[in-house]
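Chemist: Its first residue numbered 1, the sequence shown is counted upward by one per residue in my numbering.
Rather than coming from a laboratory, the hints here were simulated on the basis of the structure. Predicted model, so just to flag it, every value in this text is computed and none were measured. Cβ coordinates follow ideal geometry from the N, Cα and C atoms, glycine included. Among the clues, some could well be false.
What follows is a set of in silico ranges between Cβ atoms, one per label pair, in the way DEER data are often shown [stated by the list, open to error]: (1) Lys3 x Gly64: 33 to 39 Å; (2) Gly38 x Thr77: 31 to 37 Å; (3) Leu30 x Glu79: 14 to 20 Å.
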Amino acid sequence: MTKRPSPDQLFDADMHRAIWPMGSEKIELLSGHPLFYGSFGQADAEAAERAFPGRQATIEPWYGNRGNLILHTSNCTPETCSEWHTDAN
Numbered sequence: 001m002t003k004r005p006s007p008d009q010l011f012d013a014d015m016h017r018a019i020w021p022m023g024s025e026k027i028e029l030l031s032g033h034p035l036f037y038g039s040f041g042q043a044d045a046e047a048a049e050r051a052f053p054g055r056q057a058t059i060e061p062w063y064g065n066r067g068n069l070i071l072h073t074s075n076c077t078p079e080t081c082s083e084w085h086t087d088a089n
């Protein structure tokens, strides 16, 4: 079984496939950050952070406060990470 990357590491393709072998057509790696396509909300982001301790999840809104979920490394911040999306509303 593939070991999960530590919270400060980006995912690579092998780690990504080993952790999400099914349903991966709705998940892709965006510069090493797992991007989950769907209609996610704040509760989903909190669940992702519990599933991957030390990581932060953000929602890339496309409908109100719901949208795609991005799972970031622990050292990714809005100032340092180009994949960090903030609500522009």
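Chemist: Please go over all the hints and tell whether each is borne out by the structure.
Modeler: Structure-based check of each hint:
no.: 1; hint: Lys3 x Gly64: 33 to 39 Å; verdict: 37 Å, holds
no.: 2; hint: Gly38 x Thr77: 31 to 37 Å; verdict: 24 Å, violated
no.: 3; hint: Leu30 x Glu79: 14 to 20 Å; verdict: 18 Å, holds
Figure legend: structure checked against the earlier numbered hints; the only hint not met is number 2.
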